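Student: So the protein lines, in turn, are chains A and B. Mapping to the UniProt record's numbering: the first sequence position 664 is 664, numbers consecutive. Mapping to the UniProt record's numbering: the second sequence position 158 is 158, numbers consecutive.
Do not rely on the hints blindly, as some may be mistaken.
[Claimed, not checked] Partner residues aside, some chain A positions facing chain B, computed with beta carbon under 7 Å:
1) Pro-20
2) Ile-24
3) His-167
[Stated by the list, open to error] Simulated pairs of lysine-lysine, BS3-like, Cα-Cα distance not exceeding 25 Å:
4) Lys-732/A with Lys-704/A
5) Lys-35/B with Lys-26/A
6) Lys-26/A with Lys-48/B
7) Lys-65/A with Lys-35/B
8) Lys-95/A with Lys-35/B
Derived from the structure by calculation, the hints contain no laboratory data. Please read these numbers as outputs of a predicted model, since none were measured by experiment. Glycine residues also receive a C-beta, built at the ideal position from the N, C-alpha and C atoms.
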Amino acid sequence: MAQPLVKKDDDRDDEADYSPFLGIEKGAVLQEARVFNDPQLDPRRCSQVITKLLYLLNQGETFTKVEATEVFFAVTKLFQSKDIGLRRMVYVMIKELSPSADEVIIVTSSLMKDMTSKTDMYRANAIRVLCRITDGTLLTQIERYLKQAIVDKNPVVASAALVSGIHLLQTNPEIVKRWSNEVQEAVQSRAALVQFHALALLHQIRQNDRLAVNKLVSSLTKGSVRSPLAQCLLIRYTSQVIRESANNNQAGDRPFYDFLEGCLRHKAEMVIFEAARAITELNGVTSRELTPAITVLQLFLSSSKPVLRFAAVRTLNKVAMTHPMAVTNCNIDMESLITDQNRSIATLAITTLLKTGNESSVDRLMKQITNFMSDIADEFKIVVVEAIRSLCLKFPLKHRSLMNFLSNILREEGGFEYKKAIVDSIVILIRDIPEAKESGLLHLCEFIEDCEFTYLSTQILHFLGIEGPKTSDPSKYIRYIYNRVHLENATVRAGAVSTLAKFGAMVDTLKPRVFVLLRRCLFDNDDEVRDRATLYLNTLGGDGAVVETGEDVKEFLFGSLDIPLVNLENSLKNYEPSEEAFDINSVPKEVKTQPLAEKKAPGKKPTGLGAPPAGPPSTVDAYEKLLSSIPEFANFGKLFKSSAPVELTEAETEYAVNVVKHIFDGHVVFQYNCTNTIPEQLLENVTVIVDASEAEEFAEVASKPLRSLPYDSPGQTFVAFEKPEGVPAIGKFSNMLRFIVKEVDPSTGEAEDDGVEDEYQLEELEVVAADYMLKVGVSNFRNAWETMDADCERVDEYGLGPRESLAEAVNAVINLLGMQPCEGTEVVPNNSRSHTCLLSGVYIGNVKVLVRLQFGLDGPKDVAMKLAVRSEDEAVSDAIHEIVASG
Amino acid sequence: MELCPLIKNILLLDSEGKRIAVKYYSDDWPTNSAKEAFEKAVFAKTQKTNARTDAEITMFDNYVVVYKFVQDLHFFVTGGENENEIILAAVLQGFFDAVGLLLRGTVDKKEALENLDLILLCLDEIVDGGIILETDANVIAGKVASHSMDAGAPLSEQTITQALATAREHLTRSLLK
Chain A
1 MAQPLVKKDD
11 DRDDEADYSP
21 FLGIEKGAVL
31 QEARVFNDPQ
41 LDPRRCSQVI
51 TKLLYLLNQG
61 ETFTKVEATE
71 VFFAVTKLFQ
81 SKDIGLRRMV
91 YVMIKELSPS
101 ADEVIIVTSS
111 LMKDMTSKTD
121 MYRANAIRVL
131 CRITDGTLLT
141 QIERYLKQAI
151 VDKNPVVASA
161 ALVSGIHLLQ
171 TNPEIVKRWS
181 NEVQEAVQSR
191 AALVQFHALA
201 LLHQIRQNDR
211 LAVNKLVSSL
221 TKGSVRSPLA
231 QCLLIRYTSQ
241 VIRESANNNQ
251 AGDRPFYDFL
261 EGCLRHKAEM
271 VIFEAARAIT
281 ELNGVTSREL
291 TPAITVLQLF
301 LSSSKPVLRF
311 AAVRTLNKVA
321 MTHPMAVTNC
331 NIDMESLITD
341 QNRSIATLAI
351 TTLLKTGNES
361 SVDRLMKQIT
371 NFMSDIADEF
381 KIVVVEAIRS
391 LCLKFPLKHR
401 SLMNFLSNIL
411 REEGGFEYKK
421 AIVDSIVILI
431 RDIPEAKESG
441 LLHLCEFIED
451 CEFTYLSTQI
461 LHFLGIEGPK
471 TSDPSKYIRY
481 IYNRVHLENA
491 TVRAGAVSTL
501 AKFGAMVDTL
511 KPRVFVLLRR
521 CLFDNDDEVR
531 DRATLYLNTL
541 GGDGAVVETG
551 EDVKEFLFGS
561 LDIPLVNLEN
571 SLKNYEPSEE
581 AFDINSVPKE
591 VKTQPLAEKK
601 APGKKPTGLG
611 APPAGPPSTV
621 DAYEKLLSSI
631 PEFANFGKLF
641 KSSAPVELTE
651 AETEYAVNVV
661 KHIFDGHVVF
671 QYNCTNTIPE
681 QLLENVTVIV
691 DASEAEEFAE
701 VASKPLRSLP
711 YDSPGQTFVA
721 FEKPEGVPAI
731 GKFSNMLRFI
741 VKEVDPSTGE
751 AEDDGVEDEY
761 QLEELEVVAA
771 DYMLKVGVSN
781 FRNAWETMDA
791 DCERVDEYGL
801 GPRESLAEAV
811 NAVINLLGMQ
821 PCEGTEVVPN
831 NSRSHTCLLS
841 GVYIGNVKVL
851 VRLQFGLDGP
861 KDVAMKLAVR
871 SEDEAVSDAI
881 HEIVASG
Chain B
1 MELCPLIKNI
11 LLLDSEGKRI
21 AVKYYSDDWP
31 TNSAKEAFEK
41 AVFAKTQKTN
51 ARTDAEITMF
61 DNYVVVYKFV
71 QDLHFFVTGG
81 ENENEIILAA
91 VLQGFFDAVG
101 LLLRGTVDKK
111 EALENLDLIL
121 LCLDEIVDGG
131 IILETDANVI
141 AGKVASHSMD
151 AGAPLSEQTI
161 TQALATAREH
171 LTRSLLK
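Let the sequences and hints guide you as you build the complete structure.
Tutor: In structure tokens:
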């Protein structure tokens with residue numbers, strides 16, 4: 001890995017480039033490390049060798065297990081020396097080597113001696129080293145010393161113990177929690193950093209006890225915390241308390257706001273900034289609360305220090321998203337930052353200005369930005385392009401100058417991501433601002449005349465095919481498209497052929513001319529291009545005369561595929577060539593949502609037992625396979641939907657159970673995923689006794705017990721019910737886990753022969769209307785809505801009563817209906833008073849359903865909702881209203 | 001949100017982007033090649049800027065990086081994207097000034113490599129496992145310097161710290177402004 005420095009430096013005989021580590025080699029240094037074993041230690045020389053070892057490690061060199069062990073044992077010899085400098089290097093070296101448990105024992109006694117030494121520096125460092133390398137068992141032995149160290153009068157020692165405590169809290173919380181009293185004493189320390197470390201540890205010890213945190217904050221905000229770092233911590237804890245108490249404290253002033261506001265006058269910049277940022281991030285912050293924070297941030301904008309300017313402009317940029325008016329006061333300072341040396345600051349300033357700017361300032365701003373664009377990197381340009389896009393959506397009247405700007409920068413040099421951002425923006429503007437359509441399409445046409453990115457060319461061609469035929473003069477785009485057939489690679493040519501065909505299909509007058517062009521494509525040297533041309537020539541019909549193209553042909557060629565491509569891909573992979581043709585209707589339409597948990601950073605994995613029982617992978621395919629492999633359920637037909645797992649037990653109970661509801665046309669199967677979290681038990685013959693007395697339409701038909709459930713390996717048991725066919729029957733089920741429990745000897749892992757029958761109460765389970773709804777998205781909601789028969793529309797209004805927030809109300813309704821939100825409408829912007837949400841889905845019986853929800857705030861908290869449903873069956877539209885009315 | 005301010009790494013690179021001394025406190029870069037890639041990216045991004053009078057700052061890959069250059073040495077401190085920039089800058093300033101004190105004003109690559117032990121100890125005194133230990137350059141330098149004293153010298157750390165602090169005060173003033 002690490003290049004020996006010598007190679008690089010060989011060819012340059014520069015005196016100034018001399019390095020003491022020139023030509024250093026691991027093998028030689030390991031040899032040198034033998035001096036550690038000399039009876040007469042030379043501290044200087046030993047220090048040098050350790051430095052060399054550390055240098056190697058720092059350059060990325062690694063030691064093998066044997067080498068590391070050897071070095072470690074040699075280093076332990078150095079505890080004999082009384083040289084402070086050497087000892088200090090020994091500490092660092094031991095931490096770097098991170099010895100294994102059996103090696104740690106060798107140094108434990110030496111370190112414990114140092115921990116009780118009279119020399120402060122020894123105590124502090126020995127604590128840090130020992131806590132770093134120790135495991136839990138040793139900790140109880142040294143706990144007494146650590147507690148003493150926390151209240152040591154030397155701040156370095158106290159800090160070392162406190163910081164070690166913070167680290168140890170992750171691994172040995174029960175021990176560290178016992179130090180509460182000492183830590184509390186340290187919070188009062190006169191030494192700034194001790195106070196900071198003590199406060200951090202005290203808060204972490206108490207973080208799960210909301211009341212205690214509240215008390216901590218109340219008492220400290222009154223007193224004076226000396227250290228700026230500790231004050232920053234206190235501000236963070238305070239905002240947390242404010243956040244958590246926001247829900248139950250509606251009336252009157254916000255608690256602790258005065259404290260935050262007071263911190264704006266602190267003498268340390270880090271505290272001022274922390275407080276200002278905390279205020280801007282308060283939930284539902286008012287402009288009166290914001291003003292003082294904005295004022296100090298504005299001062300920072302003209303600071304000579306880049307870090308302050310950056311911090312301020314970054315925060316104001318965020319504020320501008322929700323409270324653009326509050327930031328307008330800073331516009332003049334912000335404009336002078338456009339020329340800032342630091343390009344990050346300049347970009348943030350520009351995008352903030354774009355957010356806060358008003359209609360009249362747009363033109364001036366665009367002029368300034370044009371100069372600026374030439375000398376920043378692509379990544380900054382992308383940010384600017386995105387800001388301009390949202391500005392244009394805000395001021396549609398300004399589309400001309402903004403569109404011009406976009407087309408200008410589209411012609412300039414730039415990488416793929418940047419060009420893609422511009423093209424995406426133009427496409428969005430064309431879609432949302434009808435007046436911008438024609439000029440936007442022409443800009444795109446010009447761009448593909450000289451575009452090096454195949455992906456963008458094909459995207460634009462596709463888009464042209466959709467929008468071009470709808471313009472006043474579709475023929476003017478044909479030239480641009482046909483040029484592609486001559487000049488580009490096969491992928492783009494094929495795309496161009498499809499686009500031409502679309503023009504031919506949609507615009508009858510163009511059809512003869514398009515046919516001429518398509519016929520020429522029959523001689524292309526690429527298979528795909530020729531195939532496409534042949535297909536279109538044969539299906540569009542009319543032999544190139546001016547005739548209308550049949551609706552079904554259009555639907556076949558250009559209709560949208562309402563099946564998720566992933567599902568289609570999977571089904572095609574599973575298809576085995578046979579007499580039977582592949583049936584596209586057999587592809588599941590359910591949109592798979594990726595479990596979020598997978599994306600979370602590793603290292604924070606829940607520990608084995610506390611984790612919820614992991615069922616088999618929750619994909620439709622896997623469930624389908626699993627269920628069809630069970631003979632009892634094999635004749636239930638096609639699986640309509642499987643729900644997400646519903647927990648039936650609290651976290652960290654003896655047995656963890658969750659249930660997945662599988663809906664068939666005439667049956668429902670409950671799949672109980674069980675995990676046994678008691679190492680001393682083996683469960684056998686596990687069943688769930690379901691009481692369906694509150695679910696009248698359901699009758700139990702089969703049950704499949706789980707033969708045995710050993711410790712920590714999840715298993716499943718099933719119960720099946722019959723229900724009236726095609727009817728969205730609902731009901732409540734109570735569940736009891738019944739099993740035979742056998743004691744297991746933990747040392748041998750063998751179970752006793754005799755078991756005892758036992759029961760375990762689980763929580764209730766409900767089959768609700770949403771279980772009969774598949775989440776199926778549509779790509780263009782408006783189109784889909786308009787093609788649906790208006791006769792089947794049902795509209796009604798509902799009062800939802802007081803709600804926590806608009807977003808919460810929207811979510812509740814989405815969950816109630818179990819439908820797929822479209823076009824990102826499930827996200828409610830902060831502080832908005834009304835919101836429209838679009839949903840789509842497929843109801844049992846394969847009935848497509850579209851829902852348009854309009855929410856409005858009525859009074860401070862009351863939410864009113866207008867629900868419009870269109871579906872292929874009016875009975876289903878009524879059923880949706882019933883769901884909402886009864887929910 | 002992480003409540004306690006955390007440092008992701010501290011880097012000291014030379015004018016070609018090569019390591020003098022680096023310390024990572026986060027698992028975000030599990031391998032040496034990931035670390036080297038990060039250093040390369042940081043260096044490339046900051047190389048052309050002038051961070052010689054004031055600490056500069058940039059943001060990329062969801063990290064905030066503050067940095068300062070002197071001679072052929074490039075100092076960097078990295079934090080998470082939501083970290084208070086000014087706290088990071090304080091750590092950088094502490095590191096930068098402490099190195100200045102320890103190298104007795106001659107702050108360049110040659111001197112840094114010749115006193116690598118001091119630099120490594122300095123890193124060890126500033127941050128422990130991501131948590132800030134100390135940001136005051138005088139105290140940091142004092143803790144490091146006291147270790148290079150003879151074993152026989154009187155072991156009153158505080159006085160040594162203070163002596164050192166006074167001796168270097170005029171220098172620090174100009175650095176801390």
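Student: Could you run down the list of hints and mark each one as holding or not?
Tutor: Against the structure, the hints come out as follows:
no.: 1; hint: Pro-20; verdict: holds, 5 Å
no.: 2; hint: Ile-24; verdict: violated, 11 Å
no.: 3; hint: His-167; verdict: holds, 5 Å
no.: 4; hint: Lys-732/A with Lys-704/A; verdict: holds, 20 Å
no.: 5; hint: Lys-35/B with Lys-26/A; verdict: holds, 21 Å
no.: 6; hint: Lys-26/A with Lys-48/B; verdict: violated, 35 Å
no.: 7; hint: Lys-65/A with Lys-35/B; verdict: holds, 22 Å
no.: 8; hint: Lys-95/A with Lys-35/B; verdict: holds, 19 Å
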